[in-house]
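Chemist: Sequence:
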Amino acid sequence: MGDVAGMGADLYESYVGSILATFSLGACAGYGWEGMILPILLAVCGILCSIVGTFFVKTEENASQKSLLRSLRTGTYLAAVLSALAAAPLTYFMVGNWGVYAAILCGLIGGCAIGYFTEYYTSDTYKPTQKLAAAAETGSATVIIGGLSLGMLSTIASILIVAAAILISFYAAGGGASFDRGLYGIGISAVGMLSTLGITLATDAYGPVADNAGGIAEMSGLPESVRERTDALDSLGNTTAATGKGFAIGSASLTALALLVSYVNIAAEKSGEVLDLSLTNPLILVGLFLGAMLTFVFSALTMRAVQTAAQSIVVEVRRQFREIAGIMEYKADPDYASCVALCTRGALHEMVVPALLAIIVPILTGLLLGPDGVVGLLGGVSVTGFAMAVFMSNAGGAWDNAKKYIEAGHHGGKGSDCHKAAVVGDTVGDPFKDTSGPSLNILIKLVSTVSIVFSGLIVAFHIL
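Heads up: the sequence shown at position 436 corresponds to 416 in our numbering, and the numbers run straight through without jumps.
Hint data in this document are derived by calculation from the structure and do not stem from the laboratory.
Just to be clear, a hint being listed does not mean it is correct.
To be verified - DSS-like cross-link-like pairs, simulated, lysine-lysine; straight-line CA separation at most 25 Å:
# : residue 1 : residue 2
1 : K311      : K111
2 : K400      : K107
3 : K46       : K394
Unchecked claim - Distance windows between CB atoms, simulated:
#  : residue 1 : residue 2 : range
4  : P262      : R325      : 40 to 46 Å
5  : M273      : S44       : 54 to 60 Å
6  : A144      : E40       : 34 to 40 Å
7  : N261      : Q300      : 37 to 43 Å
8  : D410      : L265      : 33 to 39 Å
9  : L437      : V24       : 34 to 40 Å
10 : G195      : L437      : 24 to 30 Å
11 : G195      : G392      : 21 to 27 Å
Virtual Cβ for every residue (Gly too), placed ideally from N, Cα, C.
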């Protein structure tokens, strides 16, 4: 439920945010209604192309992990190619600028590239995760260290891809001659990246479905062969889920840039002054530091929420083993409802502070430092949040698949000391890839949206 609903809401938010931001930038760029309608038409075509792509996801019995990955990748890439073909006539007839089409292609290619490199760092068919599994032979500490290293290293590809997409789309769309048209290119690039969201979200949801199928097979006492199949599909699902998260944060960074530009334009218009956006402006510098701090504090609070909720569940489970006789012998049923209630209450209660933090900090920063400080805050959150989210998502996915790789019979197999060490790594990786990492996408866009909504208040009332 959390894996599907959470990531689905996040990607949908990026989808709508990029369309609305590009809608606004189209008006500023002088493209009129045609430039404003183009991102909506791209989204419609992307949905149709995603539906077509799903029909080409096929595999055979006893398929290897690599062939399963290739099958899912075929559907995703085909949807991207069809979207690229459909975007050409749309762009020509709507805005008549092939540079804008090049920006759309940048987004589509960038999204596929981020997905590929995410697979490379998290799938057990490639060396990074296999080396991480081998690290479990020397204990859980080396697994933790190896996973942290892998996650940090994986940020290189995603950041370089997004940086290239920003530069190419800006100048291809005419940014050298018209700054506003260059910004429109960046916005339409984000829409292009998200246009195939239908099939991307489907592959992301594939993981939780396979995981739950494995749990049902085990609880139902089905043959071991069924569990082996669901484990293979679950391992593939971990990779596709990591791909979806990488895709989400990549698109979120482009969307956040478009929202940042929208904020600058709105603040300048309401104040009647040109903002000083140079790095030598102390307000910008302080805002950058506050943005970087917000990323780390938000991550800490979300991870602590998992820790607190998990501890309460452990205490409850121990209580039930102690007070309800016969659970382990299947003579008595556990009290499932109390555990579910603890999870639900804990999730809602523990997320109050992080949610308020994302709303209150940009408002307080604006009231203290003014619009310049908020621009710095948005820049700091976007940059550090992007890198942190990629690091956490990929490290968590690699830890999980390293455990699955060992369970498949490598390095001693299930129940070995190596497997026990990998389980520790997977336990650390779950809040990384399922809680803190994905939620940073929400933080980046929520801070930008709140800043835009309260821009009038910040321009009218600020101390510095």
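Chemist: Each of the hints needs a verdict: does it hold here or not?
Modeler: Structure-based check of all given hints:
1. Of the supplied pair hints, the one linking K311 and K111 is violated, its CA atoms being roughly 43 Å apart against a limit of 25 Å.
2. A hinted pair counts as satisfied when its Cα atoms are at most 25 Å apart, and K400 with K107 qualifies at roughly 21 Å.
3. With a CA separation close to 22 Å, the supplied pair K46 and K394 stays within the 25 Å bound.
4. For the pair P262 and R325, the supplied restraint of 40 to 46 Å holds, since their beta-carbon distance comes to about 44 Å.
5. For the pair M273 and S44, the supplied restraint of 54 to 60 Å is violated, since their beta-carbon distance comes to about 45 Å.
6. At about 37 Å, the CB distance of A144 to E40 agrees with the hint of 34 to 40 Å.
7. Checked against the hint of 37 to 43 Å, the C-beta distance between N261 and Q300 comes to roughly 59 Å, which is inconsistent with it.
8. A C-beta distance of roughly 36 Å is found between D410 and L265, which places it inside the suggested range of 33 to 39 Å.
9. One distance hint, 34 to 40 Å for the beta-carbon pair L437 and V24, holds here, with the actual separation near 36 Å.
10. Distance hint for G195 and L437: a CB-CB separation of about 49 Å, inconsistent with the stated range 24 to 30 Å.
11. Taken as a hint, the range 21 to 27 Å holds for the pair G195 and G392, whose Cβ atoms sit roughly 24 Å apart.
In terms of the numbered hints stated before, the structure departs from hints 1, 5, 7, 10, listed from lowest to highest.
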